[in-house]
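Chemist: The chain contents come next:
Protein chains: 2
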Amino acid sequence: MSKLVDLEDVTDPVCCAPLSGPVLGEDEAAELASVFKALADPVRLRLLNLIASVEGGEACVCDLTVPFELSAPTISHHLKVLRQAGLIEGERRGTWVYYRAVPERLTRLSGLFALPALTPS
Amino acid sequence: MSKLVDLEDVTDPVCCAPLSGPVLGEDEAAELASVFKALADPVRLRLLNLIASVEGGEACVCDLTVPFELSAPTISHHLKVLRQAGLIEGERRGTWVYYRAVPERLTRLSGLFALPALTPS
Numbered sequence: 001m002s003k004l005v006d007l008e009d010v011t012d013p014v015c016c017a018p019l020s021g022p023v024l025g026e027d028e029a030a031e032l033a034s035v036f037k038a039l040a041d042p043v044r045l046r047l048l049n050l051i052a053s054v055e056g057g058e059a060c061v062c063d064l065t066v067p068f069e070l071s072a073p074t075i076s077h078h079l080k081v082l083r084q085a086g087l088i089e090g091e092r093r094g095t096w097v098y099y100r101a102v103p104e105r106l107t108r109l110s111g112l113f114a115l116p117a118l119t120p121s
Numbered sequence: 001m002s003k004l005v006d007l008e009d010v011t012d013p014v015c016c017a018p019l020s021g022p023v024l025g026e027d028e029a030a031e032l033a034s035v036f037k038a039l040a041d042p043v044r045l046r047l048l049n050l051i052a053s054v055e056g057g058e059a060c061v062c063d064l065t066v067p068f069e070l071s072a073p074t075i076s077h078h079l080k081v082l083r084q085a086g087l088i089e090g091e092r093r094g095t096w097v098y099y100r101a102v103p104e105r106l107t108r109l110s111g112l113f114a115l116p117a118l119t120p121s
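If you're matching them up, the sequences are chains A and B in order. Oh and the first sequence: position 98 is 98 in our numbering, straight run, nothing missing. Oh and the second sequence: position 93 is 93 in our numbering, straight run, nothing missing.
Be careful, since some hints might not be right.
[As the list claims (entries may be wrong)] Within a straight-line C-alpha distance of at most 30 angstroms, the following computed BS3-like cross-link-like pairs (lysine-lysine) qualify: (1) K80/B with K37/B; (2) K80/A with K37/B; (3) K37/A with K37/B; (4) K37/A with K80/B; (5) K80/A with K37/A.
Source of the hints: derived by calculation from the structure; they are not laboratory data.
The whole structure should be built from the sequences, with the hints applied where relevant.
Modeler: As structure tokens, then:
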């Protein structure tokens with residue numbers, strides 16, 4: 001359910017204003033803060049990097065535990081946090097779950113930090 | 001001192017690779033996680049928004065307490081966290097400290113979430 005809400009937010013033009021733009025409302029600030037909390041962990045950042053950079057755009061959970069010296073349940077926990085933040089989505093097919101990054105969410109974060117007026121062209 | 005190191009990192013081409021790009025190293029993941037920890041708070045996000053969007057690019061600390069129902073020391077604490085994360089820098093002139101966003105840092109974060117291959121053109 002929450003994933004659907006996240007995706008709907010993305011279509012709202014107010015959602016994607018940069019930090020250098022209009023005043024950020026309390027609700028949006030709270031929602032963004034929860035996304036950054038999900039990103040505030042080195043293992044989750046590396047997992048997101050692995051998922052977002054995989055050829056074909058989709059990573060099997062079976063390939064995500066290998067680079068980390070962590071148990072499968074720990075990796076699953078981190079993947080759940082990323083999923084709840086709307087950064088990745090997973091689909092079970094047979095034995096494994098396959099994850100992909102949610103491009104709308106990453107693009108929104110990219111736009112949040114865009115500084116058109118200050119960035120040298 | 002740490003601010004200088006942050007600015008040097010920005011000039012390193014490895015620093016600015018997107019999450020959809022090369023493998024994120026453990027050290028960079030740890031450093032980025034600490035930046036996202038600084039961003040994982042609604043008040044700090046709103047402060048950064050106020051500072052990044054102010055006309056002239058510089059905000060007097062005297063103007064930053066008004067929109068929040070928080071004490072001056074609490075606001076100062078949040079500003080310190082943003083400063084330590086390299087997101088803003090402050091300069092004391094007379095009675096007040098004036099803050100501005102660090103464009104290299106925000107641009108780096110913007111690039112981190114860029115998805116050139118997935119974003120519709």
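Chemist: Each hint needs a verdict: does it hold in this structure or not?
Modeler: Going down the list of hints, with the structure as the test:
1. K80/B with K37/B: holds (13 angstroms)
2. K80/A with K37/B: holds (18 angstroms)
3. K37/A with K37/B: holds (6 angstroms)
4. K37/A with K80/B: The hint holds at about 18 angstroms.
5. K80/A with K37/A: holds (13 angstroms)
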